[in-house]
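**Q** Residue strings, one per chain:
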Amino acid sequence: MPYPPYCPGALSKRARPLGFALGGVLAFMLALPAMAQSGPEPADSEPPLYQVETFTLDNGLRVVLVENDIAPVVHHMMWYAVGAADEPPGQSGIAHFLEHLMFKGTTARPDIDFSIEVRRLGGRDNAFTSWDATVYHQTVASDRLAEVMALEADRMRGLELNLDEVLTERDVILEERRQRIDNDPNSALSVQMDAALFQNHPYGTPIIGWAHEMAALTLDDAQTFYDAWYAPNNAVLVVVGDIELDGLRAMVERAYGAIPAGETIERSRPMEPEQAAPRRVEMIDDRVRRVTWRRDYIAPSYYGWRMEEAAALDVAVEILGANTSSRLYQDLVVERELASNAGAFYSTSNRDYGQIIVYATPSDGVDVATLEAAVDAVIADTLERGFAEHEIDNAIERLVTAATYGADSLTSPGRMFGRSLTFGLGVEDVMTWPDDISAVTGPQALDALARALDIDRSVTGVLRPPESQQAAEVRP
Amino acid sequence: MTRLTGTLFVILALALALTGAARATEIQRVVSPGGIEAWLVETDAAPVVTIAFGFEGGAVQDAPGRQGTANLVAELLNDGAGDLDAAAFQERLNSLAIDLRIDARRESFTGALRTTLRHADEAYDLLHLALTEPRFDGDAIDRARAGVLDEIRRNTADPDWLAARVWADVAFGDHPYGWPSRGTAQTLAAIGRADLVEYTGRVLARDNLSVAVAGRISAAQLAPLLDRIFGDLPATATLRAVPPVTTEPWRNTVLVERQGAQARLVVTQPGIARDDPDYFTALVLDHILAGSFGSRLFDALRVERGLTYGISSGFSHYDQVDYLTAQSDMSNDNVAEALEVLRREWTLLADEGPSAEEVADARLYLSGAFPLDLTSTRDIAELVRFMRMQDLGIDYIDRFAEEILAVDQGDVRRVANAVLRPDLLSAVIVGAPPSGAIEANVNLTAGELADRELAPGEPSL
Chain A
95 MPYPPYCPGA LSKRARPLGF ALGGVLAFML ALPAMAQSGP EPADSEPPLY
145 QVETFTLDNG LRVVLVENDI APVVHHMMWY AVGAADEPPG QSGIAHFLEH
195 LMFKGTTARP DIDFSIEVRR LGGRDNAFTS WDATVYHQTV ASDRLAEVMA
245 LEADRMRGLE LNLDEVLTER DVILEERRQR IDNDPNSALS VQMDAALFQN
295 HPYGTPIIGW AHEMAALTLD DAQTFYDAWY APNNAVLVVV GDIELDGLRA
345 MVERAYGAIP AGETIERSRP MEPEQAAPRR VEMIDDRVRR VTWRRDYIAP
395 SYYGWRMEEA AALDVAVEIL GANTSSRLYQ DLVVERELAS NAGAFYSTSN
445 RDYGQIIVYA TPSDGVDVAT LEAAVDAVIA DTLERGFAEH EIDNAIERLV
495 TAATYGADSL TSPGRMFGRS LTFGLGVEDV MTWPDDISAV TGPQALDALA
545 RALDIDRSVT GVLRPPESQQ AAEVRP
Chain B
18 MTRLTGTLFV ILALALALTG AARATEIQRV VSPGGIEAWL VETDAAPVVT
68 IAFGFEGGAV QDAPGRQGTA NLVAELLNDG AGDLDAAAFQ ERLNSLAIDL
118 RIDARRESFT GALRTTLRHA DEAYDLLHLA LTEPRFDGDA IDRARAGVLD
168 EIRRNTADPD WLAARVWADV AFGDHPYGWP SRGTAQTLAA IGRADLVEYT
218 GRVLARDNLS VAVAGRISAA QLAPLLDRIF GDLPATATLR AVPPVTTEPW
268 RNTVLVERQG AQARLVVTQP GIARDDPDYF TALVLDHILA GSFGSRLFDA
318 LRVERGLTYG ISSGFSHYDQ VDYLTAQSDM SNDNVAEALE VLRREWTLLA
368 DEGPSAEEVA DARLYLSGAF PLDLTSTRDI AELVRFMRMQ DLGIDYIDRF
418 AEEILAVDQG DVRRVANAVL RPDLLSAVIV GAPPSGAIEA NVNLTAGELA
468 DRELAPGEPS L
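Chains as they are written, first to last, in this note's numbering: chain A, 95 to 570; chain B, 18 to 478.
If you're looking for bench data, these hints aren't it; they were derived computationally from the structure. Please read these numbers as outputs of a predicted model, since none were measured by experiment. Wrong hints could be hidden among the right ones.
Computed Cβ-Cβ distance ranges for the label pairs, DEER-style [to be verified]: (1) B:Q426 - A:P560: 49 to 59 Å; (2) A:D550 - B:E215: 49 to 59 Å; (3) A:N153 - B:R322: 36 to 46 Å; (4) B:D224 - A:D548: 58 to 68 Å; (5) A:A533 - B:D138: 22 to 32 Å; (6) B:Q426 - A:E522: 30 to 40 Å; (7) B:E369 - A:A202: 31 to 41 Å; (8) B:R431 - A:E522: 58 to 68 Å; (9) A:P354 - B:P287: 53 to 63 Å.
Which chain A residues face chain B? A few, computed with CB under 8 Å, are given here [claimed, not checked]: (10) D163; (11) I210; (12) R214; (13) L215; (14) G216; (15) G217; (16) V266; (17) E270; (18) D276; (19) V382; (20) E402; (21) V428; (22) S457; (23) R492; (24) Y499.
Ideal Cβ placement from N, Cα and C applies to all residues, glycine included.
Next comes chain A alone, as it looks inside the complex:
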């Protein structure tokens, strides 16, 4: 089965291995739509997939509840609308650094280690920083939620930074960088590719930061960032699991209600100019034994640039490269045997821009130029021939059906709703996504793909071993 290359879009703290009425309560039901075109089985009146309720506190904190009673467990996620792309120039890594520091002492609980407290409640916790959000999450038995909320609420405005902890934790994030990037050639390549792909926008800066800037981050930097961004009106709380609305509302009001709102925050980032030429990054590393090839294109985002094209692009990339039935896999791997693995996927986890990532691993004896020409030929052929109706039907069926699995999880709806609301969309946008996908036509998909696969808005990356270590041809 093809697997996509490592693409660090978010950093988690721990190593171990998707419109609101203020003060009101609205209940939504997600219904799977009838198929727009004739599919294999028409959807009759299907029961709703999610039971979602929302409300907003007076201090601006937006709350989403997705009920799921598969186990007496809840997943509690606090999404702050701030990420690595909001960092002041010269302070790369401060958003992620602050994420680490958020687990330390507060005014009310000076000696707390947040994770130890959650463990005492029989819970698990973690956090992650992306370019556009910083998210703190816990999974815990339902009857422990109030206690976890109290802890999360305490650190929203109550963090007390301590110099010793700041300095120790700064060493920890530098270690983390070494582990994630310096020690992993694929990650090192990704960092270089992002920097080349984005010529102006902060998506070109690694979330963990540049090492020389990380080493110089100060307590004041962290304090300033925290004071500016961490406020209830800049946050979305998503709770998924075995709890009912009335109980949750009382709990949320008790934990978060007294926190004062902060200043209204407008996020704005320098956007990309018209890009005029494709870029290439090539890295040679004696720790790898195979050549890998990848190309990233800047693409529309569901939440930002050309958002009206995102659904059509999802369908198009699904056909182009999402699985073993795709154009890329069938052509490069099955028919022409030029690659042991090939595909494409559409990354939509960032706010301002998406990316299309096309990847392939050449078979023994196939050089990069041949592989690249073959990929370009598949793309050109796809854009020329377009999509057959059954291909569109299958892609839509797959995307819409796969969305069902989101309900077989506590974390999936947490991420979907958390991201959507944090990036400026609403609950209803998540719920109408299957409708949007079902309405995509062949010409729309083709048009979106043609506009997105602009070579001038791309970077191509190759990672290879030194000449002396190239794999010899192995005969079965």
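Could you slot chain B onto chain A? The hints should help.
**A** Below, chain B without anything else, positioned relative to chain A:
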């Protein structure tokens, strides 16, 4: 609406106060007309069903010289079956979003089918075909072989994998437990279609099968499905006996030289069997040792000295042997100090045992965290399959918290003293610590290890 509840609540006074009321997990034994048994957990949260299945056997059933056979079978079972060639079979799975995963592990061959109710009928048929009529077409085999070789190449760049490979050599030598489940370039080249057919017929059999199901399906619906999916498998498996493990791999320090910013450190000592009466006490001990924040090794290495981003530990179990392992990544400069600190903490815990507070915290976490894993049909089905295959008993989920909460400080002190053996610890380091910093009795380079895995030529296995 069927909920994941039983009519009994597991109530212990202590548990109620500390972890809240836990629901009993209702597991039904479902037996098909043909005599196939499944353990079923009915859930209602999503319109999906997961069927998890497993066969005893796994990679240890590969033939010597043909390591990687079980893994290739796992890759190929959904690459063409019955009248559907690879492309057609994959298209059915993909277009209906049917999630079929099959894996060859060391001592078992497992899989899970997850499907929406909408396409369940077709999903069951496809699983039946995959298990009973795999095609093993030549072009599919070639593709799978190339894919696995690619995976081995990728692995040789991964310090975690290198550490595990070299430990397997030290701990097991030529014993099947030490065989790489993916094989090597040489063994892969030796595997032919006949080997795949032979393995499948010998291992995938009804008397060797465990099935666990979770999702929106009733016992009455499931019973006939079991025959439909699994009924055509051969009746009996023929498993080769795995010889006893005779190596004593203790007190070794192995250095695999690999350039890079960080080193991987893995330490191992003898462990404890799952059916040992002290097993749950040992879990509490392990959590205190390196479970997470607040544990001995985490505090000593990360919090106090900033030597590493993280350290974790855990027990691993084979049918014949058990291990306790701790692992961490750190700068090359920190390895020597980290190893010294680790040995000191290990010894301290062995000699003096934990504090009452540490035991209380560990009990709270372990008992409370267990149900956190049961939030999807896949998680539930795979856990229940695991319970069946390891003979943990149908009441394991409900019993777990009770057992953990019954552990006291005296128990942990006793078990720490008996089980923790800092004198036996073996260490594997993959990295480039400063010359002279580590005294290793086994030395090789990552390049040499990679060459061995990837070289066509005389088999070393």
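**Q** None of the hints should be skipped; say for each whether it holds.
**A** Hints and how they fare:
About 56 Å separates the C-beta atoms of Q426 of chain B and P560 of chain A, a value consistent with the hinted range of 49 to 59 Å. The hinted window of 49 to 59 Å between D550 of chain A and E215 of chain B holds, with their beta carbons roughly 54 Å apart. Evaluation of the 36 to 46 Å hint for N153 of chain A and R322 of chain B yields a pass: the beta carbon distance comes to about 41 Å. Between D224 of chain B and D548 of chain A the C-beta distance comes to about 59 Å, which sits within the given range of 58 to 68 Å.
A533 of chain A and D138 of chain B have their C-beta atoms about 27 Å apart, which keeps the hinted 22 to 32 Å range intact. Our hint of 30 to 40 Å for Q426 of chain B and E522 of chain A is violated, since their Cβ atoms are close to 54 Å apart. Between E369 of chain B and A202 of chain A the beta carbons are some 34 Å apart, a value that agrees with the proposed interval 31 to 41 Å. A C-beta distance of roughly 59 Å is found between R431 of chain B and E522 of chain A, which places it inside the suggested range of 58 to 68 Å.
A hinted range of 53 to 63 Å for the beta carbons of P354 of chain A and P287 of chain B is consistent with their spacing of about 57 Å. For D163 of chain A, the shortest C-beta to C-beta distance to chain B is roughly 6 Å, which falls under 8 Å, so the interface hint holds. A cut of 8 Å between beta carbons decides the hint on I210 of chain A: the least distance to chain B is about 4 Å, and the hint holds. Here the hint on R214 of chain A is kept, as its CB sits about 5 Å from the closest CB of chain B, short of 8 Å.
With a cut of 8 Å, the hint placing L215 of chain A at the interface with chain B holds, because the nearest CB-to-CB distance is about 7 Å. Contact between G216 of chain A and chain B, as hinted, is supported at the beta carbon level, the nearest pair being about 1 Å apart and thus within 8 Å. Hint status for G217 of chain A: holds, given a least beta-carbon distance of 7 Å to chain B, under 8 Å. Interface hint at V266 of chain A: satisfied, since its Cβ lies 6 Å from the closest Cβ of chain B, which is below the 8 Å cut-off.
For E270 of chain A, the interface hint holds, the least distance from its beta-carbon to any beta-carbon of chain B being 5 Å, beneath 8 Å. With 8 Å as the threshold, the beta carbon of D276 of chain A comes within range of chain B, its nearest partner Cβ sitting at about 3 Å, so the hint holds. With a least beta-carbon distance of about 5 Å to chain B, the hint placing V382 of chain A at the interface is held under the 8 Å criterion. Interface hint at E402 of chain A: violated, since its Cβ lies 26 Å from the closest Cβ of chain B, which is beyond the 8 Å cut-off.
Among the interface hints, the one on V428 of chain A holds; its C-beta lies about 7 Å from the nearest C-beta in chain B, closer than the 8 Å criterion. A hinted interface residue such as S457 of chain A counts as satisfied when its beta carbon comes closer than 8 Å to some beta carbon of chain B; here the least separation is about 6 Å, so the hint holds. Annotation: interface hint on R492 of chain A holds; nearest CB of chain B at approximately 5 Å, less than 8 Å. For Y499 of chain A, the suggested interface contact is upheld, since its CB lies about 6 Å from the closest CB of chain B, less than 8 Å.
Of the numbered hints listed earlier, those contradicted by the structure are 6, 20.
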